[in-house]
Amino acid sequence: MKSILQRGWRPLSVLLLLLILWEMAGRIFDIPVWLLPVPSQVWQEAIHGWMHYSGHILSTIRLTLTGYAIGISVGLVVAIFLFRLPMLQEAFYPLLILSQNIPIIVLAPLLVIWFGFGMLPKVIVIVLVCFFPVTIATLDGFRQTDKDLLHYMKMTGASNKQVFWKLQWPHALPAIFSGLKIAGTYSVMGAVISEWLGSGKGIGVYMTLASSSFKTDRVFVAIFLIMILSLTFFAIIALIEKWVLKWQRQGGNSLNG
Amino acid sequence: MKSILQRGWRPLSVLLLLLILWEMAGRIFDIPVWLLPVPSQVWQEAIHGWMHYSGHILSTIRLTLTGYAIGISVGLVVAIFLFRLPMLQEAFYPLLILSQNIPIIVLAPLLVIWFGFGMLPKVIVIVLVCFFPVTIATLDGFRQTDKDLLHYMKMTGASNKQVFWKLQWPHALPAIFSGLKIAGTYSVMGAVISEWLGSGKGIGVYMTLASSSFKTDRVFVAIFLIMILSLTFFAIIALIEKWVLKWQRQGGNSLNG
Amino acid sequence: TTEKSKETEQDGKLEKVQFVLDWTPNTNHTGLYIAKEQGFFEEEGLDVDIMLPGEAGADQLVAAGKAQFGISAQESITEARVQDIPIVSISTILQHNTSGFASLKKDGIESPKDYEGKTYGGWGAPVEEAIISSLMEPENADVKKVEFINMGNSDFFTALERDIDFAWIYYAWTGVEAELRGIDLNMQYLNDYTKKLDYYTPVFITNEKMISENPETVRAFVKAISRGYEFAIDKPDEAAAIFSKAVPDLDEELVKASQQWISPKYKEDADQWGEQKLEVWKDYADWMNENSLLEGEFIPEDAFTNEFLPK
Amino acid sequence: MGKLHLQHISKSYGATKVLQDVSFHVNEGEFVTIVGPSGSGKSTLFHLIGGLIAPDSGTITLDGKNLINTRGHISYMPQNPSLFPWRTILKNVLLSSEIAGKKDAGNALELIEKAGLSGYEDAYPHQLSGGMKQRVAFIRSLNSPQSIICLDEPFSALDEFTRFEMQEWLLSIWKEYQKSILFITHNIEEALFLSDRILVLSDKPASIKKEIIIPFSRPRTEDLLLSDEFMKLKREIHNDLRS
Amino acid sequence: MGKLHLQHISKSYGATKVLQDVSFHVNEGEFVTIVGPSGSGKSTLFHLIGGLIAPDSGTITLDGKNLINTRGHISYMPQNPSLFPWRTILKNVLLSSEIAGKKDAGNALELIEKAGLSGYEDAYPHQLSGGMKQRVAFIRSLNSPQSIICLDEPFSALDEFTRFEMQEWLLSIWKEYQKSILFITHNIEEALFLSDRILVLSDKPASIKKEIIIPFSRPRTEDLLLSDEFMKLKREIHNDLRS
Ligand SMILES: Nc1ncnc2c1ncn2[C@@H]1O[C@H](COP(=O)(O)OP(=O)(O)OP(=O)(O)O)[C@@H](O)[C@H]1O
Ligand SMILES: Nc1ncnc2c1ncn2[C@@H]1O[C@H](COP(=O)(O)OP(=O)(O)OP(=O)(O)O)[C@@H](O)[C@H]1O
Ligand SMILES: [Mg+2]
Ligand SMILES: [Mg+2]
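Residue numbers (the working numbering), protein chains in the order written: chain A, 1238 to 1494; chain B, 1238 to 1494; chain C, 17 to 327; chain D, 1298 to 1540; chain E, 1298 to 1540.
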């Protein structure tokens, strides 16, 4: 607890500073609420409008987590497959890149036709957003395996599976976490976008409605919700990373000290 | 030339296969053009509509390249700053994540209001999309610097600048390229999205217009254009990577052979 | 045109004007494009730049002065003005609301009472339920028996393929496209059922500052678009051709058919193109208030003006 | 069990010929040492036996079975310790047996203790000194079930006493389990003290320049190091290497 | 130029005390060797002198100037070659002078040739044998302008002849440039042959157990290795280390 406070005060103070600047700028230039509300107005709305949006948050969280879980699983599985079957890799790597260039607005009608208006098409959108950074980072991680260690594994007769799980996988973990963090950052946004595909609930819906009735302060409440969710999510992934890669941290201590 | 053919036939044949499957599925299930045109129809439109979209392509390419160049520069500079000034890193890292969670639809009016309808707000959108994967991957690359080499550099009295340019930077290059590739993939899509911010030209404009007048075949021409651009772009980055990291490839030869 | 360009060179500078559409170009905008292509703006000393709004939407851009003029609709303006967004309607494009609820003919939805047990695809705004309720109530049908699904950005035809039975469309565009595709639709226009919902959509807007500081520019602008729409009323086919040429990426056939359908509706029963009536603004606001959809005071007199229409 | 045969092995890296027609064998339970100039191709020989790389020509067999391009038949200690940075010392030692398909922590702990590393079971490799890492790599290769052990300069980073302890320990293991050992060293005394036979490699391209059968009976004690015959043999190998 | 003083140095890693009250000095142009058991703290001493880590207590000075936490005053060869995989051999050798602020390719090429590595200028480290890598690390440390050179087991991976050549070469450089050299080795003969003075380190926690001043005059030749006095001293150090 104490250490979170100790490490957290810096970013928090920067954030506070930004908010104060924003508040001051808003008041000095007298920017109208509908254009850009100041933080205190957003805060007001966040307090008073709690019942308006509380239901939406849970829905978005559920969607994000489902999409992220499936997305990173797909990302990892694809990376592992492509890495262990180099022929597949040559053939399918370009398809991965293509998958990132199908505009959602085009995909949306197809997804709706095929899967209706339920959860599935939304999860697919999040998966599409999440899996790519994981796959690319993981593949690059696998490729950079230390040669001396690979040498040793091969000489002692480790099977491909053993080489993979005992060497390439742990060695790629830092890179994988890099991908997981990027994907995590995108996943909340992905969920919000996917809610535009038609959804009864969710921060995305709350935001579009607020936006279409010119309630800019509510739009900003939505943005802050999205940001808080993303940061929390990122922090959780970073904590897991720290825990999984603790050997690295211990290494760092003795050298940077 | 020959080697491109040799290495290219696999992905090309997979692509061809997919197109053929799609064509067949389209014909067998008699899917209407407005829902999902078959490749041959898209091809027809691509041939006959050349004068409709040729002007748009150049505009999008210019936008993409400008945005990407600025985006990765920003990404690298931010990563370098945050890495070399750990205090800054603690304070600003969360802001980076936040920057990825401002929905474009909210940002869009603000950007237009602040910067008008010119090139600038569009470039800002692409930069926002591109810089993040570069920064995260680069930072993670820097952090994983080999400890023995860091040891050596410090013992011989290398300045921080030397440690950075002679060790951390080259060591992080594979990770950096990983980020550059992810960013490159996103940049074309980013340009297309940014064109929706109010623009007279570009594939994004062409696509929205086609979509709003229900010309699905043109929409798919646009998608294919986006894909071809992205792939070309990715291939160029990958080629540069290969060239820059040729020591790695040489290493690979003797071990995987 | 040679004459005109000479003229331009002579007096040198045209006033630059930024214009934002409500969404992508469609035949609602014909008069605007004709005014531009036929040089009507130039004759008024204006150089108009037409922008797509993208995700942004025109209202705030116009309100913030980033664009001088734009296209919006009475519903938006009503809600916007309640939030103190200083936009004003300066002329309506269509005299009557051409939107309504469309469904496939084979589904047999002949009147609002048939909505019971059907699925409506919308975007989840409270106003939708209120409107459907207003249509159903007089027929003693219960809006609670309609299933509402949020279909987000999906287009009408896609939505009908799946899960959705009826949706809210503008006939001039989507309805005409259905005709072209040979899809038979049943249509319930809002204004066939309650007069209060016969609001103006779409309309041209500007901001209050323009009106108080640059009334001459506004006047010149409205004059030019008036001429544009008059042209479209008189010569629909020629207008469609000019429009298609200006926006070549649209489907020519659709533009032509839509133009034929919409041209007579620009002016219809009014004395003059663009004229707006106070009661229409009042009625809709009243209806909103009845359904407690407005949070704030709306002054209909301030929301529009006929002052700039050519005399 | 453990009869290794190399016949007419040649190997080039690109344009540089490294090994030229190398033939030798290791009998069952024999202790054979390879000495030769730096860069002559000793480690390359191990890589060939281990199946990491294939020779350009020649055959390699273990108990009659082909070894070329097949792996897992030798237990191996590389010249560079190659410890896994994310594994503790104990887990690093266990790696070789994990690969061979069985874990035996008890034995590993015993080995760690004998190597003088008790207390470091849960340390990570970067916390160890150079010689300690080498000892970990050494016991990792011992904790593996194969019948032939290939050790590439296992004691080069050790002081004389630790080295001597390790040597004696290696001999006791060798005697107990009757394994065949192929050993690379630059230390001629070490080669003489440990081996049944010494193979002297020439400089590039390397071939077997001389084979010396060590006449000393076992068990050998430290006194041997000072005996005249030992000195004589040492000088002989010296000269062989030099010429 | 080049007078190094360590006084009352202690250093612990976590709970393990590694160095305990270590004091010694290296005079200008002197060649001092440190011997001691594996894991006793020899490399740690170098890290302290190089300013990589700070001692828990004690002072380190070079020509009177504090060395604690200051870097760049020594030229250094680490125990593990630490070559940069993306640099060719030539570029690796040039690294140390690059860091010191000047590039001198001519000198580097000469050093590469003397180390018997001509033809490998453009090779990458992974294409070299263990001993060749060590030689690259060695000449990299020579190609640097500092007045004191710290070498951590520079020749442990070399065969006796390459080693002897390198030793003689090191001595010639030492004589020519009048540098101070601090040298770590496990090879007592090497220590005796090269040094003016030998410091014997005890096991953990390490302290200076004994200091031996070598009486042999220079230049020293190979014959020295067989002389009685040499043998006697060797045995003496042997016993010092053992007890
Ligand atoms: N980063 C570290 N963290 C914790 N302990 C360390 C670290 N580095 C070294 N040690 C410990 O310090 C002691 C001395 O290590 P050092 O490398 O100085 O030994 P050395 O005398 O060079 O041995 P060798 O001859 O084997 O290279 C060892 O017991 C080692 O475990
Ligand atoms: N991957 C490689 N690519 C190119 N050449 C290589 C490669 N590996 C080794 N060589 C070359 O093969 C030769 C023999 O190397 P090897 O490692 O077998 O020597 P060694 O006898 O073990 O030497 P040392 O005693 O120094 O370890 C060297 O000249 C080296 O440059
Ligand atoms: Mg070797
Ligand atoms: Mg050491």
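Do not rely on the hints blindly, as some may be mistaken.
As the list claims (entries may be wrong) - Chain B stretches covered by chain E per the calculated footprint, using a threshold of three residues with CB under 8 Å from any CB of chain E:
| # | stretch |
| --- | --- |
| 1 | 1262-1270 |
| 2 | 1386-1395 |
Claimed, not checked - Derived, one-sided and incomplete: chain B residues facing chain C with beta-carbon distance under 8 Å:
| # | residue |
| --- | --- |
| 3 | V1275 |
| 4 | S1277 |
| 5 | H1289 |
| 6 | V1349 |
| 7 | K1438 |
| 8 | V1442 |
| 9 | Y1443 |
| 10 | T1445 |
| 11 | F1461 |
Rather than coming from a laboratory, the hints here were simulated on the basis of the structure. From a predicted model like this one, the values you see are computed outputs, not experimental measurements. Cβ atoms here follow ideal geometry from the backbone N, Cα and C, with glycine treated the same way.
Results for each hint:
Counting residues of the stretch 1262-1270 of chain B whose beta-carbon sits less than 8 Å from any beta-carbon of chain E gives 0, not enough to reach three: the coverage restraint is violated. Note: the stretch 1386-1395 of chain B has 9 residues with beta-carbon separation from chain E under 8 Å; the three-residue rule is met and the coverage holds. Here the hint on V1275/B is broken, as its CB sits about 18 Å from the closest CB of chain C, past 8 Å. Against a cut-off of 8 Å between C-beta atoms, the interface hint on S1277/B is violated, since the closest Cβ of chain C lies about 20 Å away.
Contact between H1289/B and chain C, as hinted, is supported at the beta carbon level, the nearest pair being about 6 Å apart and thus within 8 Å. The interface hint given for V1349/B holds, since its Cβ lies 6 Å from the closest Cβ of chain C, which is under the 8 Å cut-off. For K1438/B, the shortest C-beta to C-beta distance to chain C is roughly 10 Å, which exceeds 8 Å, and the interface hint is violated. Restraint check, V1442/B versus chain C: the minimum CB separation of about 7 Å is within 8 Å; hint holds.
Because the closest C-beta pair between Y1443/B and chain C is about 6 Å apart, less than 8 Å, the hint holds. The restraint placing T1445/B at the interface with chain C holds, with a minimum CB-CB distance near 6 Å, inside the 8 Å limit. With 8 Å as the threshold, the beta carbon of F1461/B stays out of range of chain C, its nearest partner Cβ sitting at about 16 Å, so the hint is violated.
Hints 1, 3, 4, 7, 11 from the earlier list are contradicted by this structure; the remaining hints agree with it.
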